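> Residues per chain, in single letters:
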Amino acid sequence: MKPTRVADVIVIGAGIIGAACARELARCGQQVLVIDAGLHSATAAGMGHLLVLDDNQAELDISRYSLRRWRELGPQLPDDCAYRSNGTLWLAANEQELAAAEAKSINLRGEGIRCEMIPGHSLQEMEPILRDGLHGALRLPDDGILYAPNTARWMLDNPRIRQRRARVTELDGNRVRLDSGEWLSSEAVVLANGIQAVDLCPELPIAPKKGHLLITDRYPHPVTHTITELSYLTSVHNSSGASVACNIQPRPTGQLFIGTSRQFDTLDPEVEGWLLARMLKHAASYAPGLAKLNGIRAWAGFRAATPDGMPLIGEHPAQPGLWLAVGHEGLGVTTAPATADLLAALLFNEAEPIPAAAYAPGRYLGEPTHA
Amino acid sequence: MPDLHLDGRPLCVAPGTTVAAALALGGDGSSRTSISGQRRAPLCGMGICQECRVSIDGVRRLACQTLCQDGMQVETQA
Chain A
1 MKPTRVADVI VIGAGIIGAA CARELARCGQ QVLVIDAGLH SATAAGMGHL LVLDDNQAEL
61 DISRYSLRRW RELGPQLPDD CAYRSNGTLW LAANEQELAA AEAKSINLRG EGIRCEMIPG
121 HSLQEMEPIL RDGLHGALRL PDDGILYAPN TARWMLDNPR IRQRRARVTE LDGNRVRLDS
181 GEWLSSEAVV LANGIQAVDL CPELPIAPKK GHLLITDRYP HPVTHTITEL SYLTSVHNSS
241 GASVACNIQP RPTGQLFIGT SRQFDTLDPE VEGWLLARML KHAASYAPGL AKLNGIRAWA
301 GFRAATPDGM PLIGEHPAQP GLWLAVGHEG LGVTTAPATA DLLAALLFNE AEPIPAAAYA
361 PGRYLGEPTH A
Chain B
1 MPDLHLDGRP LCVAPGTTVA AALALGGDGS SRTSISGQRR APLCGMGICQ ECRVSIDGVR
61 RLACQTLCQD GMQVETQA
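If you're matching them up, the sequences are chains A and B in order.
Just so we're aligned, residue 1 is where the first sequence starts under full-length UniProt numbering, counting upward by one.
Just so we're aligned, residue 1 is where the second sequence starts under full-length UniProt numbering, counting upward by one.
Please note: incorrect hints may appear among the correct ones.
If you want the ones that stay clear, here's a sample from chain A, every Cβ over 10 Å from chain B, calculated [what the hints assert, rightly or not]: (1) P78; (2) E182; (3) S285; (4) L347.
A short, non-exhaustive set of chain B residues, derived as facing chain A with CB atoms under 8 Å [to be verified]: (5) I35; (6) Q50; (7) R53; (8) R60.
To be clear, the hints were calculated from the coordinates, so they are not data collected in a lab.
Quantities reported herein were computed from a predicted structural model and do not represent experimental measurements.
Backbone N, C-alpha and C fix where the C-beta goes; we use that ideal spot for every residue, glycine too.
Whenever a hint applies, use it, and build me the whole structure from the sequences.
Pasting the structure below:
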């Protein structure tokens, strides 16, 4: 069956990554078709924390570049995207974490990223919800927040972008097959559908990491920063078992997001009460006042995790015409702008905005099999 | 017969009356005002939908899951 050429580029997935890629490709003059199956996505499930991370150079490159792009984009975003530059507060609960925070601050400052150490005795003044006795915190004032589902919708509202609700059942380079049986083609296909990518490309090293999140009722609380514990940085890289970490984020409505959990080897979309309870108790151990607030919704979602924690951005080595923008784990909202700019640069053979090697799909999928 | 105050006005209800029922008997039926300025009211009646959250003696509670008691101060404008 002869495929119908429907666009210059087909993007699969209308989450924040697919939307950012489609927007950047449209900006480059491409006619883009975005196909989305309407499944529950990480974009809809996540908290939309925009943050700089510096665990390694690749993570720093992609998050720093992206934060700069979000700051440029911020003033254009409609109100319902809830963009704020409210900063992150990384809490140190003991001397060891405080030393880690100090080392992190030196590294970040050396990289030109604004940050400051907050002594333990000043923390409650800054965030009265926090308990006594914390050893200090690292504050990154230029981190932010975003309501990602509305931001993705806004990015897709572009005269060069068309959208279609359909499930893709098969991929073959620059051709895609829909559940209707119809084959579509374009110059390039961009796969940006998170954990569902492995349904179409089983060779991708992407595993689901389940997370829980809760949102409270609106209160006249004074929380300003997104508050995260430093030990999150260690628990985040565990590769088995269930873990929780304190993550509190104020919404512009006066609500609070409370997270977070990580679980492997499950695709059960239901909220698990035992883990939700553990997560909330843990958050309340940092911010006792949380225990008096009502939670009005809790839900779970899945991060698309790669073994090294870095996304796959670039052409599939064995499938010319198929481009990957997947595996962003919990950082897709933060790193969407860099992903889109890098993908477009690679696709059009232009200068890379950040060094591409750390995200190259070839690190797992081997070198190109085509000339 | 529990005597309570609904937005500052006295209201007497039959024993066993929920706050959700008292809102309908003595007020505009609503429990709160949403972020976009809409008045919101009890919907599911079984503690799931969270629409009927209301301030009772300064604490946010679900009107449909709370029985009226003597001296309660119920605020829907908070």
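> Give a verdict on every hint.
Hints and how they fare:
For A:P78, the non-interface assignment is confirmed: its Cβ lies about 15 Å from the closest Cβ of chain B, beyond the 10 Å cut-off. The beta carbon of A:E182 is kept farther than 10 Å from every beta carbon of chain B, the shortest such distance being approximately 40 Å. Taking the minimum C-beta to C-beta distance to chain B, about 22 Å, the non-interface status of A:S285 holds against the 10 Å cut. Here A:L347 stays apart from chain B, with its beta-carbon at least about 41 Å from theirs, past the 10 Å limit.
Hint status for B:I35: holds, given a least beta-carbon distance of 5 Å to chain A, under 8 Å. Interface restraint check: B:Q50 against chain A, minimum CB-CB distance 4 Å, threshold 8 Å, status holds. At about 6 Å, the closest approach between the beta carbon of B:R53 and any beta carbon in chain A falls short of 8 Å, and the interface hint on this residue holds. Using the Cβ-Cβ criterion of 8 Å, the hint placing B:R60 at the interface with chain A is satisfied: the shortest such distance is roughly 5 Å.
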